[in-house]
Amino acid sequence: NAGVTQTPKFQVLKTGQSMTLQCAQDMNHEYMSWYRQDPGMGLRLIHYSVGAGITDQGEVPNGYNVSRSTTEDFPLRLLSAAPSQTSVYFCASSSLYSPLHFGNGTRLTVT
Amino acid sequence: DQQVKQNSPSLSVQEGRISILNCDYTNSMFDYFLWYKKYPAEGPTFLISISSIKDKNEDGRFTVFLNKSAKHLSLHIVPSQPGDSAVYFCAASAGHSGYALNFGKGTSLLVTP
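So the protein sequences, as listed, match chains Z and B. The opening position of the first sequence corresponds to residue 1 in our numbering, with each subsequent residue numbered one higher. The opening position of the second sequence corresponds to residue 112 in our numbering, with each subsequent residue numbered one higher.
If we strip away everything but chain Z, and leave its shape as in the complex, we get (with noise of 0.2 Å):
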């Protein structure tokens, strides 16, 4: 059972770089969020999506781009990155009434 699934695990950006953090569910879940951890704090909603076609911001949004093209795939895409997104990024997907599944996370490095 693949669950939510994140690529890459690790990563390192140079100061103005982008780039995509994929996360794909075989789960047939409805629902996908993107949240990003930081030392000392708790989980942070970056953005969310409800269906196909549909995405909405969080609390964090600036800095951040989604799509949701299909059910299974919610990338995350970082337009210019800065040393204040140095953050461990979690995916994850649920379904009506059913608790969210988070992926194992991508660790992203801005130097």
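Because the hints were derived from the structure by calculation, they are not lab data. Note that the Cβ used here is the ideal one computed from N, Cα and C, for glycine as well. Hints may contain errors.
[Said to hold, decoys possible] Just some of the chain B residues that point at chain Z, by a computed CB distance under 10 Å:
(1) V115
(2) Y147
(3) E153
(4) G154
(5) F157
(6) S160
(7) F173
(8) C201
(9) A205
(10) S208
(11) Y210
(12) L212
(13) N213
Given chain Z's structure and the hints, the job is docking chain B onto it.
Positioned in the frame of chain Z, the structure of chain B alone reads:
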């Protein structure tokens, strides 16, 4: 502003004893509450949840209590085991939204033999 607060960053408990993790929230619109457990280098895993129509939910060794008037919930683990050592996150949502959760900062539980 943090809407879900876990005021104890860490807790140490002896094996076999009860662990009690606490969580407070400020948003009266929250109606769905969850606890997640997280081991290092892994994603959080769902542990137990409670809807605002209940005041208690049990699953094996884990029980969550909800006090709506105090805007307070707690997770009880009885008996505690060394494998329970992890970071525990409290989370809440409004409208029973399972996809847009507000998380606390977490409590690191250490269960010692």
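Take the shortest C-beta to C-beta distance between S160(B) and chain Z; is it under 10 Å?
Holds, about 6 Å.
Taking the closest Cβ pair, is N213(B) under 10 Å from chain Z?
holds, 8 Å
Does S208(B) pass the interface check with chain Z, least Cβ-Cβ distance below 10 Å?
The hint holds - S208(B) has a Cβ within 10 Å of chain Z, the shortest such distance being about 8 Å.
Identify whether the interface hint at V115(B) stands, where standing means a beta carbon of chain Z within less than 10 Å of its own.
holds, 7 Å
With 10 Å as the cut and Cβ atoms as the points, is Y210(B) at the interface with chain Z?
holds, 4 Å
May I ask you to test the interface hint for Y147(B) with respect to chain Z, counting a Cβ-Cβ separation under 10 Å as satisfied?
Result: holds, 8 Å to nearest chain Z Cβ.
Please verify that hint: G154(B), Cβ, nearest Cβ of chain Z, below 10 Å or not.
holds, 3 Å
Tell me if L212(B) is really an interface residue toward chain Z, meaning its C-beta lies closer than 10 Å to one of theirs.
holds, 6 Å
Supplied contact hint for E153(B), tested at 10 Å Cβ to chain Z
holds, 5 Å
Go through the hint on C201(B) and say holds or violated, using the shortest Cβ distance to chain Z against 10 Å.
Because about 8 Å separates C201(B) from the closest Cβ in chain Z, which is inside the 10 Å limit, the hint holds.
Can the hint on F157(B) be confirmed by a CB-to-CB distance to chain Z that is less than 10 Å?
holds, 4 Å
Against chain Z, run the beta carbon of A205(B) and see if the smallest gap drops under 10 Å.
Violated. Min distance 13 Å.
Of the numbered hints given earlier, the model fails hints 7, 9; all others are met.
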